[in-house]
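**Student:** Read off the chains here:
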Amino acid sequence: MGFAGQVVFFILALFAVYSFVMGVLERRRRTLIGQPENRFDRPGERLAGLVTEVLGQRRVLRDPGGGLMHVMIFWGLIVFTLGILQLMLEGLFGVAIPVLGRSPSFYLVTDLAGTAALLGMLISAYRRYVARVPRLDVGNWRQERLIVALIAGICVMILAYFLAWGARLAAAPEPRFALAFAARLAGALFAGTGPAQAMVWHSVFWWMHVALALGFLVFFRYSPLVHPVTAVANVYFRYLGPKGGAIAPLDLEDESRETFGVHRLEDYTWKDLMDGYACTECGRCQSHCPAHLSGKPLSPKWLILHLKEHLEERTRKHAGEAETRKLLGEVVKEDEIWACTTCRSCEEQCPVFNEHIRKIVGLRRAMVLDESDFPGEAQLCFTNMERNYNPWGVGWATRADWAAELEVPQLSEAQEVDYLYWVGCAGSFDDRAKKVAAALVRVLRAAGINFAILGTEEKCCGDSARRLGNEYLFQTLAQENIETLQGYGVKRIVTACPHCFNTLRNEYPQFGGHFEVVHHTQLLDRLLRDGKLKLAAGEALRLTYHDSCYLGRYNDEYEAPRRVLRAVPGIQLVEMPLRRNTAFCCGAGGGRMWLEEHIGERINVVRTGQALAVNPQVIACNCPFCLTMLEDGLKDKGAFETVRAVDVAELVAERLS
Amino acid sequence: MKIVVLLKQTFDTEAKISLDAGGRINRQGVNLIINPYDEYAVEEALRLKEKHGGEVTVVSVGEAQVQDALRQALAMGADKAVLVSPDGVEVDEYSTAVILAKAVARQEYDIVLAGWRAIDDGSAQVAARVAEILGLPMVNMVTKLEVNGGRAVATREIEGGVEVVEVPLPAVITAQKGLNEPRYPSMKGIMQAKKKPLEKLGLSDLGLDPAQAAPKVKILQYFLPAARAAGKILPGEPAEAAAALAKALREEAKVI
Numbered sequence: 000m001g002f003a004g005q006v007v008f009f010i011l012a013l014f015a016v017y018s019f020v021m022g023v024l025e026r027r028r029r030t031l032i033g034q035p036e037n038r039f040d041r042p043g044e045r046l047a048g049l050v051t052e053v054l055g056q057r058r059v060l061r062d063p064g065g066g067l068m069h070v071m072i073f074w075g076l077i078v079f080t081l082g083i084l085q086l087m088l089e090g091l092f093g094v095a096i097p098v099l100g101r102s103p104s105f106y107l108v109t110d111l112a113g114t115a116a117l118l119g120m121l122i123s124a125y126r127r128y129v130a131r132v133p134r135l136d137v138g139n140w141r142q143e144r145l146i147v148a149l150i151a152g153i154c155v156m157i158l159a160y161f162l163a164w165g166a167r168l169a170a171a172p173e174p175r176f177a178l179a180f181a182a183r184l185a186g187a188l189f190a191g192t193g194p195a196q197a198m199v200w201h202s203v204f205w206w207m208h209v210a211l212a213l214g215f216l217v218f219f220r221y222s223p224l225v226h227p228v229t230a231v232a233n234v235y236f237r238y239l240g241p242k243g244g245a246i247a248p249l250d251l252e253d254e255s256r257e258t259f260g261v262h263r264l265e266d267y268t269w270k271d272l273m274d275g276y277a278c279t280e281c282g283r284c285q286s287h288c289p290a291h292l293s294g295k296p297l298s299p300k301w302l303i304l305h306l307k308e309h310l311e312e313r314t315r316k317h318a319g320e321a322e323t324r325k326l327l328g329e330v331v332k333e334d335e336i337w338a339c340t341t342c343r344s345c346e347e348q349c350p351v352f353n354e355h356i357r358k359i360v361g362l363r364r365a366m367v368l369d370e371s372d373f374p375g376e377a378q379l380c381f382t383n384m385e386r387n388y389n390p391w392g393v394g395w396a397t398r399a400d401w402a403a404e405l406e407v408p409q410l411s412e413a414q415e416v417d418y419l420y421w422v423g424c425a426g427s428f429d430d431r432a433k434k435v436a437a438a439l440v441r442v443l444r445a446a447g448i449n450f451a452i453l454g455t456e457e458k459c460c461g462d463s464a465r466r467l468g469n470e471y472l473f474q475t476l477a478q479e480n481i482e483t484l485q486g487y488g489v490k491r492i493v494t495a496c497p498h499c500f501n502t503l504r505n506e507y508p509q510f511g512g513h514f515e516v517v518h519h520t521q522l523l524d525r526l527l528r529d530g531k532l533k534l535a536a537g538e539a540l541r542l543t544y545h546d547s548c549y550l551g552r553y554n555d556e557y558e559a560p561r562r563v564l565r566a567v568p569g570i571q572l573v574e575m576p577l578r579r580n581t582a583f584c585c586g587a588g589g590g591r592m593w594l595e596e597h598i599g600e601r602i603n604v605v606r607t608g609q610a611l612a613v614n615p616q617v618i619a620c621n622c623p624f625c626l627t628m629l630e631d632g633l634k635d636k637g638a639f640e641t642v643r644a645v646d647v648a649e650l651v652a653e654r655l656s
Numbered sequence: 000m001k002i003v004v005l006l007k008q009t010f011d012t013e014a015k016i017s018l019d020a021g022g023r024i025n026r027q028g029v030n031l032i033i034n035p036y037d038e039y040a041v042e043e044a045l046r047l048k049e050k051h052g053g054e055v056t057v058v059s060v061g062e063a064q065v066q067d068a069l070r071q072a073l074a075m076g077a078d079k080a081v082l083v084s085p086d087g088v089e090v091d092e093y094s095t096a097v098i099l100a101k102a103v104a105r106q107e108y109d110i111v112l113a114g115w116r117a118i119d120d121g122s123a124q125v126a127a128r129v130a131e132i133l134g135l136p137m138v139n140m141v142t143k144l145e146v147n148g149g150r151a152v153a154t155r156e157i158e159g160g161v162e163v164v165e166v167p168l169p170a171v172i173t174a175q176k177g178l179n180e181p182r183y184p185s186m187k188g189i190m191q192a193k194k195k196p197l198e199k200l201g202l203s204d205l206g207l208d209p210a211q212a213a214p215k216v217k218i219l220q221y222f223l224p225a226a227r228a229a230g231k232i233l234p235g236e237p238a239e240a241a242a243a244l245a246k247a248l249r250e251e252a253k254v255i
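Same order as they appear, the protein sequences are chains A and B. Going by numbering that gives the first Met the number 0, the first residue of the first sequence is number 0, and it counts up by one from there. Going by numbering that gives the first Met the number 0, the first residue of the second sequence is number 0, and it counts up by one from there.
Pulled out of the complex, with its shape left as it was, chain A reads as follows:
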């Protein structure tokens, strides 16, 4: 290439790199309007995540269709970049990458990679515009034009690459192109063209390719499609703590604070704001969201995207406070804020590790702690928790009444115990859950476990209060409970409620309460395996198991309850399609247990339908809220007389020998 050509190339390249760097810096500037948050710790673990999640595409591949497409594009383009480099070097200086640039396999691999990326792009176009995969929410032409431009641009860039090499080898065949199938195929188009003419075509396609390849760096600055860079960053800066402890405590003693919740975008941390840039709108979150799927106005995807739009709007130069919309009520509607069951399915599925739930809890905190504007049922729940330490509002003095007849010892009068049995509000006050508590007492006694309860000293763990945004009430309850537990020197706790389990295990450490907490299904599993529990034969039962969100997705416990069920003689476990980390919420999490469900289908009815579809005699669960919701679902479906919903502990208790 002549000097003039080189100069043109370098000007283009410089502009492209400048645009790209500016694109990164501008996003960084916008993101940094958020609050500080340390996501720079544990670099080893963070890098390891890049290997499995970015290079290994682990989460992406959970959906085989879209996953394979993404792997083709991702790995295709990465390897193809080497080919681009070779083409550019050769065009500019007539040199090749040392060793590689002379190897026929290099051209085979880069051709394969380019073809994979090309096919991947075509599949993506097919998914968007032909198959119209619902979770992609394909928009109208105005909304889609940038995506169409990107897909077309990448396809043409790859084709131009093949054509450039094709023209080159048509002009002067070389052994290094022996395996370059795509370039050879393209070369066939130039058969019969003279060498000089073919080299002209080579130049044309070389420049076309270079212009598009560099053009993407410019496109990056001006388009919203920044996912290839931000996704990697987002995986690196992902949340690494226990999944059930992801809601950060607020400093409520800080009297300099005017507000405690998220009112403005700037109240989020920079990581919350980066989530928007990492999102590529794949919609896996919403296709797993019980609120979205049951017709509520919430979609985790649109939540993230609306926040991203709002970020752009708010950080646009010269955009005054007055010109931008209100975050609460305008950018995110109140019905969206209250629809979330905090089931964590969105976060579990998100390939770029976006954190949706804490964003919603932040908004709820604003509504509760600052605005005092929230559903009346939530207020009743809070008042009940304040006055009687349980969301039902039953007199606190009757908390241990269920245990009196069973003569369950209280810690205040017990000697050394193996476990404190944390009953929870449901086990103490809800008639159905009381039966589960009684069953668990029988089972623990049969296994020779020495345990006691706190009795009337136990207070609500605060799970619902925290998730409904009432951090003040949650912290009050947490501190009082921790004080009581520490006062008795409690070390080990067993509980039959996954909400209590998660709160005591993952959230009380935030306030200095460190206890070894097990869920009752985990303890039952251990007792069965250790031979401490013997079960008798019983009738054959076709049973399906419903994973609760707070035992499953929040604490990764899918196996223990299933092992218990398999250990019960006669039980045939039939699984629902939506199970384990894709289990569909019962609808009661995130404090939704206490709120009316006015919009769309009832989530518990949807879940019950999924359970009934596998035709069980029994639906087993591990959570008092799920139990209530599924029993209501069975009544709604007219199946209450024929199908039983039970807790795992009840099945074990029924079969004690």
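To be clear, the hints were calculated from the coordinates, so they are not data collected in a lab. Quick reminder that beta carbons are idealized off the backbone N, C-alpha and C, glycines included. Among the clues, some could well be false.
As the list claims (entries may be wrong) - Far from chain B, some chain A residues (derived; all Cβ distances over 10 Å):
1) F14
2) R386
3) N387
4) G392
5) V393
6) A539
7) R562
8) I598
To be verified - Calculated cross-link-like contacts (lysine-lysine; reagent style DSS-like; alpha-carbon spacing at most 30 Å):
9) K187/B with K433/A
10) K195/B with K217/B
11) K434/A with K231/B
12) K231/B with K433/A
13) K325/A with K50/B
14) K215/B with K325/A
Unchecked claim - Each pair of labels, with its calculated beta carbon distance range:
15) Q142/A with N147/B: 49 to 59 Å
16) N25/B with L405/A: 37 to 47 Å
17) G28/B with L405/A: 16 to 26 Å
18) Q414/A with D204/B: 53 to 63 Å
19) Y487/A with G28/B: 11 to 21 Å
20) E251/B with Q509/A: 51 to 61 Å
21) P508/A with A225/B: 45 to 55 Å
22) A130/A with T12/B: 53 to 63 Å
23) A413/A with L18/B: 25 to 35 Å
24) I157/B with Q509/A: 53 to 63 Å
25) Q191/B with Y487/A: 28 to 38 Å
26) Q191/B with R41/A: 39 to 49 Å
Put chain B on the given structure of chain A with help from the hints.
**Tutor:** The following block gives chain B in isolation, referenced to the frame of chain A:
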């Protein structure tokens, strides 16, 4: 507009009522709340203030623990509170009203709000007595209130319907359920409540001597209702069971 709210601290509605060895109501371990009807009054006062501007003062008679209820009202948004200790006098409705009337008279007020009754003793006397002592008109059991230029238009419940009345201010208005939904204090409210003025007075500060506030009613005895007996299911064919039921209602329950 200056608004005064009369407030009583009561047992929580779910509190377990028991008697101590001396036959008196056991206050041990009982959670205390703002009397729910008074809470409607506080809320209405705050709404009036939000609409017309002004100041809300909550006034109560009782011992130190009543401060919690007053702080709660301050957290909801009231501006100041006054707590009068009865100095060990066992108060009845008369004494409470005498003390409250003195405490209110020290304030400037355009309207006095209160719950129509307290959920504990349920005698529904105090607000009316205060109105009488202060010589103010009174509207009881109000479910809707509008204040306009020195007059109040109140909707009140009457048997089988409602009545809309107009009174000149100042007046005493008592709240019935349905008047409003009391707000939940915000964090800011809770924090500010700690710094808002809460005046603690004794009888002498009001120029009262204990004899003037001496109760007129003496409680002779408290007793708990008899425990409810378990229900009974009468077996047999409908005709048989009906006959047995009639017999039981006549001979055992003695109601027919």
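**Student:** Run every hint past the structure and note whether it holds.
**Tutor:** Results of checking the hints against the structure:
1. F14: 51 Å, holds
2. R386: 5 Å, violated
3. N387: It is violated; N387/A is separated from chain B by about 5 Å at its closest Cβ, not greater than 10 Å.
4. G392: About 6 Å separates G392/A from the closest Cβ of chain B, which leaves it inside 10 Å; violated.
5. V393: 6 Å, violated
6. A539: Given a closest Cβ separation of 35 Å, the condition holds.
7. R562: At about 41 Å from chain B, R562/A clears the 10 Å cut-off, so the statement holds.
8. I598: 21 Å, holds
9. K187/B with K433/A: With a Cα-Cα distance of about 39 Å, the restraint between K187/B and K433/A is violated, given a limit of 30 Å.
10. K195/B with K217/B: 37 Å, violated
11. K434/A with K231/B: Holds, at roughly 23 Å.
12. K231/B with K433/A: 24 Å, holds
13. K325/A with K50/B: Holds, because 24 Å separates the two Cα atoms, which is no more than 30 Å.
14. K215/B with K325/A: 59 Å, violated
15. Q142/A with N147/B: 49 to 59 Å: 52 Å, holds
16. N25/B with L405/A: 37 to 47 Å: 27 Å, violated
17. G28/B with L405/A: 16 to 26 Å: With Cβ atoms ~23 Å apart, the hint holds.
18. Q414/A with D204/B: 53 to 63 Å: 54 Å, holds
19. Y487/A with G28/B: 11 to 21 Å: At roughly 19 Å between Cβ atoms, G28/B and Y487/A fall inside 11 to 21 Å, so the hint holds.
20. E251/B with Q509/A: 51 to 61 Å: 60 Å, holds
21. P508/A with A225/B: 45 to 55 Å: Taking Cβ atoms as reference, P508/A and A225/B lie about 50 Å apart, which means the hint holds.
22. A130/A with T12/B: 53 to 63 Å: With a Cβ separation near 58 Å, A130/A and T12/B satisfy 53 to 63 Å, so the hint holds.
23. A413/A with L18/B: 25 to 35 Å: 30 Å, holds
24. I157/B with Q509/A: 53 to 63 Å: 55 Å, holds
25. Q191/B with Y487/A: 28 to 38 Å: Taking Cβ atoms as reference, Q191/B and Y487/A lie about 37 Å apart, which means the hint holds.
26. Q191/B with R41/A: 39 to 49 Å: 41 Å, holds
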